[in-house]
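Listed in order, the protein sequences are those of chains A and B.
Sequence positions in the first sequence follow the numbering used here and run 29 to 455.
Sequence positions in the second sequence follow the numbering used here and run -5 to 150.
Incorrect hints may appear among the rest.
Here are the simulated distance ranges between beta carbons [stated by the list, open to error]: (1) A:Q165 / B:G108: 32 to 38 Å; (2) B:Q100 / A:I219: 37 to 43 Å; (3) B:S47 / A:D396: 52 to 58 Å; (4) B:G(-1) / A:K158: 31 to 37 Å; (5) B:G108 / A:T376: 36 to 42 Å; (6) B:T58 / A:G40: 36 to 42 Å.
These are computed hints drawn from the structure, not numbers from a lab.
In this text, all values refer to a predicted model and were calculated from it rather than measured experimentally.
Each residue gets a CB set at the ideal place from its N, CA and C atoms; glycine is no exception.
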Amino acid sequence: MHQEIVFSKYYGQSGVEGLDYYKKNDAGYLALTKSIDMGNEKVLAEVKDSGLRGRGGAGFPCGTKWGFIPKNSEKAKYLVINADESEPGTFKDRAIMTYTPHMMIEGAIIAARTIDAHMIYVYIRGEYVKEAEILEQAIAEAYKAGYLGNNVAGTGYKLDMTVHRGAGAYICGEETALLNSIEGKRGEPRIKPPFFPAAIGLYGCPTVVNNVETLAAIPSIINRGAAWFKEFGPEKNYGMKLFCISGHVNRPGLYERPMGYPLMKLINEDCGGIWRGRKLKAAFPGGSSSPVLTAEECNINLDFDSLAKAGSMLGSAGIMVIDDATCMLRVAIRTAHFYQVESCGQCTPCREGSMWLKDLHLRLERGDGQLGDLALIEDICNNMDGTTICAFGEATAWPLRSMVKKFRAEYERHVTEKRCPFGSRAH
Amino acid sequence: MASFGKEFTTEMERIERFYPNKQAMLLPALHAAQAERGWISDSTMQDIADYLSIPKTRVKEVATFYHMFHLKPVGKYNLQFCNNIACWLRGSEELIHHAEKKCGIQMGETTPDGNFTISEVECLGSCGTAPVCQINDDYHENFDVQALDKVLGEMK
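Let the hints inform the model, and build the full structure from the sequences given.
Have a look at this one:
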C-alpha cells in the first residue's frame, strides 16, 4: 500500500513548532507563494480535483465547500477553523497544533485568500491551554514574517487571524453551535436550513468552517498537486490520514496511514494487538458517535465509504478498541452518560432521550432490568434519530442502538441472571 | 462593583480589533475574568456586563452554559479526571476512587482547606495516552495511582 509521511514526521519531538523549522524542513510557506502565482480559480480547481474530504467527521468535499461561498456578496467573509476536537477517542488535531501549527496556518491563509475572507478564527477547545499558547505564538510569527497582516506576502491582501477559546462544551464542535459560541452566545446549534454557513454563517455573513487536519493537508496539495494526493487511498477517499487509536491495544497512539488502511492491520501489526493476551470484542471506528463494530466486522478498511457501507462511519477517525473482558453495557453507560452531560438541551428527544438511555442501561447493569427494556432502548433511539436540530440526536442513538442490537445476548444475560456476568471487575 | 486588573484590560484591548461587536468578546472576557478571580460569581457577571455594555442576563446565560466556567470557588488544585470511554477502558475509575479516598471527598467536592477539588470532565483528547487527569491547566497523561500519589504529595 502506497504511503508517505506528511503530517507526523516530528510528533513527539521538541523545538519543531517554530516558523524557521517549518521553512527549513517542510518547504514552509512555499505553497502560499505558489498559490498566489496560481490565482484563486486554479487553487480552487486543484483542491476540488484532489478530492480532499473534510477530516472533522462528515467527510464533505473541501473544494465543494469553498465553492459554495457567493462571489458577488458585499458582506465580509470568514474562515473558521474547527479545532474543538471533542469527539471521544480523537486527538489528532491536538498533535497538528502542537508540532506543526504552521502547516495548519499556511493552509488556512491559502483557504482564506481563495474564498476572499479577511478574518480567520481558530475555535480551539478551552481545555487545550498549551496548544492555544503554541498557536498564538505561531500566529505572531506569521504576522512578523508578513504572511498575516495588512500585506500578505507582499500582495496587499489584508488578513487577520486570532485564537478563540471554547470553554468545555462538546456541542460546540457542531459548526453552527461553534459560530454561536464565537458570537458570544450559548453553544446551541442553529436550525437548518441553511445546511451550510456559506451564505449565512458567522455574524450572518458567508463562512467556511474547516477542520484543522483538512487545512493542514492544503499546503502539500498545492506544492505537490492533486495527482500526488490521489496516489494514496481508494477512489473518492484520497490522501494520507491521521488515525487515533486508543483503548485495549498494546501500543495506542496516533498513526499516519493512507486512507483505506485495514483496521485489523492497524490493531494487530501497528498497535501490537490486544493487550493482556485478550481477544478483540468490539471497536468504535470513528469516535463515540459511530456505531460499534463487532470483532468480525473489524475486518474492514478505514475510509469514509467502506465504513458507511458497513453501517458505521469513519467520523473523526477516533478508533476505540474494546477487549473481551469488558462489559458492553458498561461501555454503553459511559457513552450515554457523555451524551446526557453534553446535550445542549434545546431538543426534547435528545435532552430526555439521553437521560433515559443512561437510566435504562444502569438498571440493566444492576440486574434490575427487564427483557422489554431492550426494545425500549431501541425505541428511544429510533425516536431520537432525525428528530433534532443537529446531528447530536443521531450521535447518541446510533452507537447505543448498535450495542443493543449487536450484543443482544449479553444484554439478555444481565436480565436473566439478574447481575452483570462480568462481575464487579472494573471492565 | 469592582474593576478588573491590568491583565484583563490588556487582553481585552488586544483582541478588540478581531471582533465586530462587544457581545462576541464575551467568552474571552469570561476566561480572563476567571483567570483573575478564580471563578465567576454573580458580581463578576455584573462587572463583565458593565465592561462590555451588554445586559447581565447575556453574561449569565453564557457563563452557565459552558462547563469550564466555575460558578462556585474551586480548590487551589482542581483534579479534573476524564472518565469517558477511552480513559475508562484504561482504568480511570480506579484513579478517581483513589483520589476520593486520599482527599476524603467525593466527586464534585472541594476539601475543607480549599486545596483540592475533584471533578469529572469529558474526553480531553488524550485517549492515546489514557487515562488523563487535567490538574488546573496541565495534562497528566498515562496517569496511574503512583503518579497520582506523587503529585498529591507535592501539592500540599
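Hints versus structure:
no. : hint                         : result
1   : A:Q165 / B:G108: 32 to 38 Å  : holds (33 Å)
2   : B:Q100 / A:I219: 37 to 43 Å  : holds (40 Å)
3   : B:S47 / A:D396: 52 to 58 Å   : holds (55 Å)
4   : B:G(-1) / A:K158: 31 to 37 Å : violated (24 Å)
5   : B:G108 / A:T376: 36 to 42 Å  : holds (40 Å)
6   : B:T58 / A:G40: 36 to 42 Å    : holds (39 Å)
Checked against the numbered hints above, the structure violates only hint 4.
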